[in-house]
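*Asks:* Single-letter residue listing:
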Amino acid sequence: MQDILTALRGKTEQAEVYSLEEESTLISFEANVMKSARVEQKQGTALRGTVNGRLGFTAAGGNVAKEKLINNLLASAQYADKVPISFPSATPGPEVTTYDPALADVPFSRLVEIGREIIATLLEADTDAKIGVDIERGLTQWSLCNSAGTQTSRKTSSFSISISVERVRGDDVLLIYDWVNGISLTDAYREAVQRLGAKIELAKKSASLVAGRMPVLFSPTGGLVLALPIMQATDGKSVQRGISPMSDRLGQTVFDRKITLWDDPTLVGRPGSGSHDGEGVPCRRKALVQQGTCNSFLYDLKTAALMGAQSTGNGARGIFSPPYPSPSNLVMEAGKSSLPEILAGIKHGLLVEFALGLGQGNTISGAFSNTLGLAYVIESGEIIGRVKDVSLAGNIYEDLREVADVSQESDWVYGQIRMPYILLPELNVTCKS
Amino acid sequence: MDRDRIQSALRASRADYTEFRSETRQVTRIVYLGRRLETVDTISDEGGIVRALVRSGGWGLSTFNSLDNLEHRFDQAYESARVVQTDPINLAPVTFAHDEIRATLGTDFRQIPLAQKKGLIESYNDILLSFGRVVDTQAVYMDEFITLTYANSEGAFIVEERPMVTVYLVATAREGSNVQRAADGLSVPAGYEHVLGMEETARKVAQRAVDLLSAETVVGGVYPVVCDPKLSGVFIHEAFGHLSEADFVYANPQAQEMMVLGRQFGRDILTVVDDGGLPGMRGTHRYDDEGTPTRRTELVRQGVLTGRLHSRETAARMGEAVTGNARATGYRYPPIVRMTNTFIERGQTPFEQMVSDIKLGVYACDAIGGQTMLENFSFSAGYGYMIRDGRIAEMVKDVVLSGNLFSTLQKIDAVGDDLTFSHFGMCGKGQGGGLPVSTGAPHVRIQDVVIGGR
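Protein chains in written order, with our numbering: chain A, 1 to 433; chain B, 1001 to 1454.
Hints were generated in silico from the structure; no laboratory data involved.
Below, in silico cross-link-like pairs of lysine-lysine (DSSO-like), each with a Cα-Cα straight-line distance of 30 Å or less: (1) 204(A) x 1429(B); (2) 11(A) x 68(A); (3) 1118(B) x 66(A); (4) 1411(B) x 205(A).
These figures come from a predicted structure and were not determined experimentally.
My request is simple: use the sequences and hints to build the entire structure.
*Replies:* Listed below in C-alpha cells is the structure:
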C-alpha cells in the first residue's frame, strides 16, 4: 500500500489507498436440510487521487498489478470533475470494539447445531414449513493510508443469520423472513425464531377487511415503509443533488414530535459501529431527525466538500465503488406506550408486518404505495387474523405529521435500523374484497 | 486461465463431482449526476469458484480472488462438502462440450477512447438537463467485458467472452415538494454502436418526468388494466416466472401440487416461454453456468402449465429434462435456477381494440419494479393513463398494481399482436445482486386489478 502511495507522489496532488481482505464461512440450509458450505476469500485495492483538482478513482479485485492500477487512476483523474476535497490527517475517533476474536474460534459444528436448532423450533410452529437458514461468519481487515498522513487499519468481525420460512397450503402461500447480525455469536437468533414463530401462528387465521381510511400500526419491519423515505432524504447525496424534500428544511419541523432518528456508530456489538469511516474521518453519533425536526444529513468527504459542509464520518465504501454517504446504525427512538397498550386502543385497524415493493415507487418524494405481504386485522384491540390482497398508500410528509403512538418495544430490522411500532391515526387502505 | 492446471486439479479432486469457474472482468463506468460527473473509472477484477459435490455429504464451495494456489481451493471445496449432511444429491446427465465462444462486436467498445464515451453520455445528459424543471439526472454509460472459463469433472471445458454495453438515463423533475422521476435505458451483450443515437430516448425520459409533475395520483380501486409490453414482460418474469423455477418446488410437495404440470393457469390465449438461445439478448448464452446447453422451454402453452426451469440437480430430483437454466451471479456464487429471456407469446388483439370496450380503466406503462411473495405480487408502473370510454385519457402517476397471481392470470382476457422485448432487466433472486435477463410481451389486458392509491 505504502509503495503505491509513494509511486503516486508527484503524479497526484493528493492520494489515497484503500485495501480490503476478507475471509468468510457460510453454511446454508434449504428446505429444512443442510445443503452447502462455502469458504470465501476476498481481496482488493481501491485508489483515489486528485490531478489539477480532479478526483479520480479506480479499483481492482484479485492480484493487483500496480502499474495498471496507477494508470487507470490517472486516466480517471484526467476526465473527472473538480472536487474541493481534502483527505483527512490522522484524527482520533471514539473507541468502539468492532472485532470479537472469539468468533474465529467458534467450531463449524456449533454453526451447524444452531441451524438445526432454528429449523427444529420453527417446525414445531408448523410441520409443513420449509425453512431456509444462512449462517455467515466473516473476518475483515481493511487498511487506509493517504497523502495527508492517515495510516489506519481496522479488523472487524461479523456474524449473521438469515431465516426464511415458506409455507404453502393449496394456493395459499406464506413467506416470511428474519435477519440478525452482530460482531459476535450471541443468542439473538432465538428472538428472531420467536418472532417468526409468532407470525406463523397469527397467519394461520385469516380475516377480512373493508377498504377505507383506518388506523394503521406498523411493526418494526413494516415500519420500513415510513423509514425508507427518511433515510433517502437525509442522505447527503440526495441533498447535494437537490432531490431531497428535506434539503432546505434543516431546523424545521417536518414530522410529529414523536419521531426521532439517530445515526449511532458507537453502539456496542453492532456491525455498523466504528471509530472511523472508510475515508478515515472520525465517526460520531447524531440525530437526523430530532423530535420531528430535521437536524442533520449524512455526508462523506465528497458530498460535504460539494455542499461546503464537513463530513459527518459517514463515508462508506466497498472495493469497486467510490465512497458514498451511508448510515452506520440507525435507531428510531422508542416511545412510552407498551405494544399491548397501543393495540388496546385500536377499535378497528390494520397491523402491517411486511410490505412488498419497498423502494420501488417514487420513494424520495415521500410517497409510498405498497402491497402488503403480511398484514393482520385488528378488531377491538385484538389481532384477529391475516388479511391478503391489501395495499396501502400515503406520503410520509403528510402522514407522519401526526403520529398517534410509538411503542417502547423495538427491534433491529435486517440488522440496519432499530424500529419501534408506529401507529398512524389514519391511512387509506385498499383491498380486493 | 491455464487449461492444463485446471484440468489436472479437476482430475485430482476427491469429490464425486467438481467444477471450476473463473472470470476476468474489466468495467468502464461514466456516471453523471445532474451537471456533475460523478465518476469516470475503469476497474478490473478476477476471481473464481470451485464447487464440489460429495454424495455422502453435500455441496462445498470455495470462492477466491487469488488464483495462485488452485489445488488448495479444490481441497477447501471438497472438505466443505464433506461436512454437509444432506440427502444424496444427483445430477441429471448432460453431454458436455469443449467450446470457445468469442464475442462478436460490431464496434468493440474496448477500442473506443474514454473521452469519446464520456462525450456520448454527456450529450445525453445535456438533453435531459435542457428540459426546464428537470433538476437532477442520472446518466450512466457502462461497458463490461468478462472472459469466463468453465470446466467440470465430467468433461466440460468452455471459454466464453461475455460483453455488455449499457446506457441508462434518469430524469428527475421537481416543483416544490412534487418530485417525479422517469427512466429508460438499454443494456445488450453487443457493440458500442447499439448505444449511439439514443437522443430520442433521452428526450422522452425528460419529457415524461416533466409531464408527471402535473399528473394526478391514480384513484385507488379495482380496474380493467391494459399493461404495455414493458410492464407485461416484467410482470410475467416476476409474478409467474419465479414460480416456474424448479428450486421453488422440488423440495416442497405442497408447492409441487400448486405448480402441477397440466394445471390450467390462464385462458388459451396465454403462452409463456423462457428461451436462453434467442440471439442478442441479455439472458442469452450457448451454455448455462453448469455447462448445460440452453434451449427454449414453454412454461405455459395455451393457458396450461407445461414446463419449468431446471438446474441439473432439480431436474434429477424431479425426473425431468435439464433446461439449461442454472445461472450464477458472477464468480462469487454457485449457479441456481434462473430465468434467461422470458416472454409472453404474441397474441391477436390490436391495442386499439383492447382499449375500445373499456369504460373506465387504467393503461399502465413501464415498470419501476416488481416484487412477489409467490402468489402475491406488487408492481410499480413508471406512469400510466386513465382509459375513459374506450380512449386513452389523462396521465396518472403512482400506479401500483397488486393481486393474486392465480386469479390474475385467469383474468388476462386479451393478448396483443405486438410482442416487444425490453433489454434492461436485472433479476435479483438469491445472493449477489442482479443477473442480466431480457423480458418480453405484447400489450396485455387484465380484468379486475387492484390499483393502490390514495
